[in-house]
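J.: Each chain, written out:
There are 2 protein chains.
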Amino acid sequence: MSVVVSIVTQDVRFPTSLELDGSDAVNVDPDYSAAYVTIGLDTGEEGHAFVFTAGRGNDIVTHAIDVYGQLLFGRNADELIYDLGAASKRLIHDSQMRWLGPEKGVTQMACGALVNALWDLRARREGKPLWLLLSELAPEEIVDVIDFTHIGNALTPELALDILRRGEAGKADRIASLKTDGYPAYTTSPGWLGYSDEKLVRLSRAAADAGFSMIKLKVGGNIDADRRRLALMRREVPGTPVAIDANQRWEVDEAVNWVNQLAEFEPYWIEEPTSTDDILGHAAIRKGVSPIRVATGEAVANRIIFKQLLQADAIDFLQLDATRVGGINENLATLLLAARFDVPVCPHAGGVGLCEVVQHFSFFDYAAITGTQEGRFIEYVEHLHEHFAEPVRVTNGRYVAPVRPGIGAEMLTASREKWTFPSGSGWLEIGDSASITDPYPMAAKV
Amino acid sequence: MSVVVSIVTQDVRFPTSLELDGSDAVNVDPDYSAAYVTIGLDTGEEGHAFVFTAGRGNDIVTHAIDVYGQLLFGRNADELIYDLGAASKRLIHDSQMRWLGPEKGVTQMACGALVNALWDLRARREGKPLWLLLSELAPEEIVDVIDFTHIGNALTPELALDILRRGEAGKADRIASLKTDGYPAYTTSPGWLGYSDEKLVRLSRAAADAGFSMIKLKVGGNIDADRRRLALMRREVPGTPVAIDANQRWEVDEAVNWVNQLAEFEPYWIEEPTSTDDILGHAAIRKGVSPIRVATGEAVANRIIFKQLLQADAIDFLQLDATRVGGINENLATLLLAARFDVPVCPHAGGVGLCEVVQHFSFFDYAAITGTQEGRFIEYVEHLHEHFAEPVRVTNGRYVAPVRPGIGAEMLTASREKWTFPSGSGWLEIGDSASITDPYPMAAKV
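Protein chains in written order, with numbering that gives the first Met the number 0: chain A, 0 to 445; chain W, 0 to 445.
Bear in mind the hints are in silico, worked out from the structure with no lab data behind them.
We put the CB at the ideal spot given by N, CA and C, even for glycine.
It is possible that part of the hints are untrue.
Stated by the list, open to error - Not everything, but these chain W residues come out facing chain A in the computed CB check (under 10 Å):
| no. | residue |
| --- | --- |
| 1 | I59 |
| 2 | V105 |
| 3 | A311 |
As the list claims (entries may be wrong) - From chain W, some residues computed to sit far from chain A (all C-beta separations above 12 Å):
| no. | residue |
| --- | --- |
| 4 | D172 |
| 5 | R302 |
| 6 | A400 |
Unchecked claim - These stretches of chain A come out as covered by chain W in the derived footprint (C-beta under 8 Å, 3 or more residues):
| no. | stretch |
| --- | --- |
| 7 | 92 to 102 |
| 8 | 242 to 253 |
| 9 | 276 to 287 |
| 10 | 292 to 306 |
| 11 | 392 to 405 |
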C-alpha cells in the first residue's frame with residue numbers, strides 16, 4: 000500500500016504578453032500560466048499535472064486545487080489510481096463543493112488537475128505514456144472510469160463498450176503505426192492577432208515548409224484586417240488550408256455575417272464563432288455559414304455541453320481541451336461522445352503545456368476508438384516546450400509519439416521555480432516592465 | 000470623490016448539516032455558508048454582499064473575491080457605483096481571468112459579489128432598498144448596466160428599453176401596492192429530504208395555515224418514498240399546490256418516467272429534473288411530462304444558458320438565484336429575457352441570506368417590468384434570518400417590502416464573527432461533533 004503524503008501547488012506564469020504570443024480578439028494579452036500540482040506518495044512516486052490559465056487568477060485555481068487536495072491527502076494511493084472512476088466522482092461530486100460549479104469553471108479545472116495527477120502516477124507506475132496506457136486498457140476498464148451522469152440520453156456504458164470493442168480490431172497495428180508515423184498536426188503559431196503582417200507571412204511560409212496540414216488565423220477584431228490577413232496568408236501558402244478562429248467574439252447573427260464575408264478565402268473551419276455556452280447559437284451559425292464548417296471546444300465546460308453540441312448538429316469538429324474539464328476521465332467521455340456522433344476530435348493546444356498533454360488523446364482516439372486520422376489533426380503552437388520534461392516533438396508536420404511514462408504534464412523543476420509568480424527569479428528580472436509587474440495593469444482603464 | 004480603501008472577505012459557515020435543513024437528493028448535507036465581502040470607502044461608507052455556498056469550498060470563493068477585488072482597490076468609488084455597467088464588465092471580462100469561466104462557476108460568483116457590494120454602496124448612498132432604487136431608475140439607466148454580450152439574438156438594448164418603457168405605466172401605483180401588500184411567497188421548509196414524515200406533515204400544515212401560496216417537496220431519492228411523502232402532503236393540505244424538486248438528480252428519460260409516476264398528485268412544477276446545463280434535455284422533459292410544468296434556474300451559470308432555456312421552450316418558470324450569476328446586472332438581463340419570452344420568474348431562495356436578497360428582484364419585476372404577480376411567487380425558507388441586519392418578513396404568506404437602504408445582504412457583525420470557519424466561537428463550541436469538525440467528513444468513504 001502506498002499513501003498520498005503531499006499535494007503541492009505552484010503558481011507558474013510566463014510573461015508571454017510581452018510578445019503578444021497567444022493574442023486573439025478576446026484574449027488580448029495572455030500570460031500563459033500553469034496552476035501546477037504535484038502529488039507525492041510515501042514511496043517517493045510523484046504525479047504531475049496542471050491547469051492552463053491566461054495569467055491573473057492562476058492563484059484562484061492553485062487554491063482550489065489545495066482545497067480539493069484535502070480530499071485525497073492521507074488516502075491509499077493504490078485504491079485511488081486503480082479506481083480512477085471513484086476517485087474522480089469523490090472530487091467532482093463532493094456533496095458540498097458541487098454547488099460551486101456544478102462541474103464547470105475553477106472547481107472543475109481543479110478537480111481535473113488532481114484526477115490527471117493520479118493518472119500520471121498510474122502511468123508512471125506502469126511505465127507507459129498515457130496514450131499507450133489507455134490504448135492497452137480493456138474496453139471495460141475505460142468505461143469504468145467514465146462518469147455517465149447527465150449524458151445517458153446520448154451515451155450509455157453499453158454504447159461506449161460497443162464503440163471500444165469495435166476499436167479492438169487492428170488496435171495493435173495502429174499502435175505500431177503511431178510509434179513510427181505519429182499523428183498529423185496543424186499550427187496556430189503564424190496567426191495570432193497581435194502579430195504584424197510581415198511576421199504572419201513569414202511564419203505562414205515556415206509552417207507550410209515544415210509540412211503542417213493546416214494553419215489557423217485569429218479573426219474577429221476588424222473585418223478589413225481579417226480579409227487582408229487571410230488574403231496574405233492564402234497568397235503566401237496557396238496549397239495549405241487555413242482555418243479561422245474568433246474566440247467567441249461575435250453575436251450569433253454577427254458571426255454568420257462576418258464569416259460569410261470571409262467565405263471567398265474558403266476557411267477550413269470557423270472556430271468559436273460565439274459563446275461556447277450557446278449550443279443553439281452554434282447550430283444556427285452552422286446552418287448560416289454552410290459549407291464552412293464550425294469548430295469549438297476549448298472553452299466548453301463539461302461533457303454535458305459537448306453532448307448537446309453534438310445532439311444539435313452544431314459542430315463539425317470537436318476541440319477538447321486537456322485541462323478545462325474534469326480530467327482525463329471526462330475527456331474520455333467526450334472522445335466517445337464524438338465517436339458516437341461521428342464528429343472528428345481536433346484537440347485545442349494554444350497555451351503552455353497543452354500540446355504535451357492533448358496529443359495523448361488523439362493518439363488514443365486513433366488507436367482504440369475511431370481508427371482513423373481522416374480530417375483530424377492536433378493543434379500545435381511553438382512556444383514554451385523547453386520547460387517540459389518531455390517536450391513535444393513535431394516532425395514533417397506530424398506529432399511524434401511520446402515515450403516517457405506519464406501524462407506529459409511534467410514541467411522542469413527549474414522552470415517552475417524561475418517562473419513562480421511573483422517571486423521567481425524570472426519575474427524579478429523583468430520587474431521593470433510595467434505592463435507585467437503590475438498584476439492588474441488594466442485596472443486604471445475602467 | 001470617494002475611494003475604495005478596503006475589501007474584506009469572511010468565510011462564514013453555519014452548521015446546518017446537523018439538522019439536515021436544506022437536504023435534497025443531491026445536496027445531502029449542506030452547511031449553508033456565505034463567502035462574504037465588505038467594500039469600504041474612505042468616507043466610512045460600506046457595501047455588503049455575499050455568495051451563498053453549501054460549505055466546503057466557501058474559501059475558494061472568498062479567495063476569488065480577494066483576487067478580483069484587487070481590480071477595484073484604490074479606485075474612484077463614485078465612478079464605480081454610478082457606472083455599474085462598466086464596473087461589471089471590468090471584472091467579468093478581465094482579459095486574463097475570463098479564461099477561468101468564462102462567466103461561470105467560482106469566478107462569476109466572485110464577480111457577482113463585488114458587483115452586488117457596489118450596488119449596496121449605491122443603494123445606501125441613495126437611501127433606498129434595492130428594489131425601490133431599481134424601480135425608480137429610468138429605463139435607459141437599467142439598460143445601461145446590462146451586458147448584452149451573447150444574448151443579442153434574444154434581447155437587444157432596444158427590446159429591453161421597449162419592455163421597460165411599457166412598464167412605466169402604472170409603476171407608481173404598483174410601488175405603492177408593494178409597500179402595503181408585498182408579494183406572494185411559497186415555502187420549501189416542510190419538504191427537505193432529510194425530514195421525517197411526521198415533521199413533513201406538521202410543517203406542511205403550519206405552512207398552509209400561514210397562508211403560503213405553495214409548498215415544495217424534495218424528490219428524486221426513492222420513488223416509493225416520493226409517492227408516500229407527496230400523498231401525505233396532499234392529504235394534509237389538499238388546497239395547497241405542491242411543487243416537486245429533484246435537484247438535477249435524473250437523466251433525461253429517467254426524469255420523464257419518474258415525474259409521470261407522480262402525475263396523479265398534480266405537482267405544480269417539477270424543478271431541476273436534470274442538469275441545468277442541459278437545455279435540450281429540459282426541452283425534451285417538458286414535452287414528456289406535460290401538462291406538468293418545468294422550472295429551473297438556481298444552478299444556471301449565466302444569462303446565455305437562460306437565453307437558450309427560453310429559446311428552446313424548455314421551461315415554464317425561471318428561478319433566478321441572487322448570488323450565482325454575475326451580480327444584479329446579470330439578473331436584470333435575466334428578468335428582461337424572461338419578460339421577453341413571457342415566462343414568470345420565481346426566484347430561488349433555499350440557502351442563507353437568499354430570501355433577503357432575491358425578494359428585491361421580484362419586487363422590481365412587478366413594479367417596473369411585468370406589472371403582474373400572476374403565477375409568480377418568491378421561495379421562502381425559515382432558517383438563519385436572525386443573522387441579517389434586516390431579516391426578511393413574511394406575513395400571511397406574502398413577503399413584506401424591505402425598507403432598509405441597500406441590497407439586503409448585510410449580515411450582523413456578531414453572526415459573521417461567531418460563524419467564521421473554522422475559528423469562530425460557534426464552530427469552536429460544536430467542536431465535538433465529528434461530522435462537522437472534520438472539514439472533509441466523506442473523505443474516508445471513496
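J.: Compare the structure with the hints numbered earlier in the document and write down the numbers of the violated ones, lowest to highest.
T.: 5, 11
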